[in-house]
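Given chain A, put chain B in place with the hints provided.
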Amino acid sequence: MTVMEKLAFKEDMISPGISACIGCNVELTLRTVMKILGPNTVFAVPPGCMGGVGVVGWNKQSGAKPPVFFPLLDNTASMLAGIRLGYNAQGRTDINVVAFAGDGATVDAGFQALSGAAERGDRILYICYDNEGYMNTGYQRSSSTSKWAWTSTTPVNASGGGGKRQHKKDFPVIMAMHDIPYMATASPAYIPDLVAKVEKAMSVTEGLAYIHIYNPCLTGWGIPSDQSIEAARKAVQSRYFPLFESSRRKIRITRKVKEPIPVKAYIQASKKFRHLDDEQIQELQELTDERYRFLEAMEQVSQEG
Amino acid sequence: MEKSYKAPMGEGIYEVNTGDWRIQFPEMDKTRCTECGICLMYCPVNSVKAGYGEVLLKNGNTRQGLVYTIDLSYCKGCGVCAQECPQDAITMKRENKR
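Chains as they are written, first to last, in my numbering: chain A, 3 to 307; chain B, 776 to 873.
Just so you know, the hints here were simulated from the structure itself, not pulled from any lab data.
Check the hints yourself; a few may be wrong.
So the derived label-pair ranges between C-beta atoms look like this [unchecked claim]:
{"no.": "1", "chain 1": "B", "residue 1": "Gly835", "chain 2": "A", "residue 2": "Lys260", "range": "37 to 45 angstroms"}
{"no.": "2", "chain 1": "A", "residue 1": "Asn90", "chain 2": "B", "residue 2": "Gly840", "range": "41 to 49 angstroms"}
{"no.": "3", "chain 1": "A", "residue 1": "Pro264", "chain 2": "B", "residue 2": "Thr809", "range": "41 to 49 angstroms"}
{"no.": "4", "chain 1": "A", "residue 1": "Gly40", "chain 2": "B", "residue 2": "Gly840", "range": "47 to 55 angstroms"}
{"no.": "5", "chain 1": "A", "residue 1": "Lys260", "chain 2": "B", "residue 2": "Cys811", "range": "40 to 48 angstroms"}
Keeping only pairs whose Cα atoms sit at most 20 angstroms apart, straight-line, the calculated DMTMM-like set for lysine to aspartate or glutamate is [claimed, not checked]:
{"no.": "6", "chain 1": "A", "residue 1": "Lys149", "chain 2": "A", "residue 2": "Glu285"}
{"no.": "7", "chain 1": "A", "residue 1": "Lys37", "chain 2": "B", "residue 2": "Glu790"}
{"no.": "8", "chain 1": "A", "residue 1": "Lys252", "chain 2": "A", "residue 2": "Glu208"}
{"no.": "9", "chain 1": "A", "residue 1": "Lys8", "chain 2": "A", "residue 2": "Glu201"}
{"no.": "10", "chain 1": "A", "residue 1": "Lys67", "chain 2": "B", "residue 2": "Glu790"}
{"no.": "11", "chain 1": "B", "residue 1": "Lys824", "chain 2": "A", "residue 2": "Glu13"}
{"no.": "12", "chain 1": "A", "residue 1": "Lys62", "chain 2": "B", "residue 2": "Glu790"}
Note that the Cβ used here is the ideal one computed from N, Cα and C, for glycine as well.
Okay, chain A solo, but in the shape it has when bound (with noise of 0.2 angstroms):
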């Protein structure tokens, strides 16, 4: 079966009608890797745009087709670990058990369960969709956001002074060196490759594994609809977000970018970032080139190891 058979002929496994946003790609990448996982599934979706927009249900009716449940923003890893160790005890070695989970109960509130659940070995597919803050709430700042960019609680003023103050977490990194048996970045941008590393992350039998996908919010951070997939495309070919994976710190870069166009290019697509200066572009610049020499350094080291 090709990639493209099996995005045409997999069910779908999310209700047709679910109310993200206009353009939305996280409701892309939320149907995509639930068409992928198929109905042998019990995921959980906890408080973010994708509980928000009906996917966890409503009134009594369910917002997809296989089990999903509503955990806490802070206890997801913990909860879905349970539900492994009942399957487990049941002798039903077959299922998938996953999180599709926002980078708000990811990075910042969840981050203990899902370090907990890393470092004990629970076999569970943890996916976060990363768009940088608590886009369902309003748009607030959280540890995944971009130095410099606006949100409601870091706000901009008349003369472009403002911003976040904090660099963005490298969390990617960070759950690769938790030893964990797959890691891997995505983009909704590069399906094919989105694809191939959640099938991955399913044949992962004897732990956690991770997978971090970018996607630019166009209602929070002020892109126009259509462009939703171009702004996530420039993320990659910028190398601000690098699409590696990661097996046991093995990390391999699993698209190089050759000749990366200027940050500036990828930033310019959205108007949270559209008061910074050039001296502030600059350093997000230095930024991206210095952990993408990271990456490679580490690349480099897992090769000869």
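Then chain B, alone, in the frame of chain A:
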């Protein structure tokens, strides 16, 4: 609206008639379309459907392959398909009375 499937828990599937939100709709020009499937790959609402059929090639011959059509039932009219189409075969048209 006819409910076409059952959910394992709760009283059926929760669905919003998102087709009602649309202020513009995509129109596919089959004379330019090469049936590459990019529109199906990127449609956030899964509104592009595929089936097997005959694909007309540039040299006039045909081959068996996937053929794509747009189902507007839940389409929100975001314009991603028109933006991503490499052949510019999809254009966004204004919805009547919107």
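Item to complete: List, from low to high, the hint numbers that the structure doesn't satisfy.
Response: 3, 4 and 5
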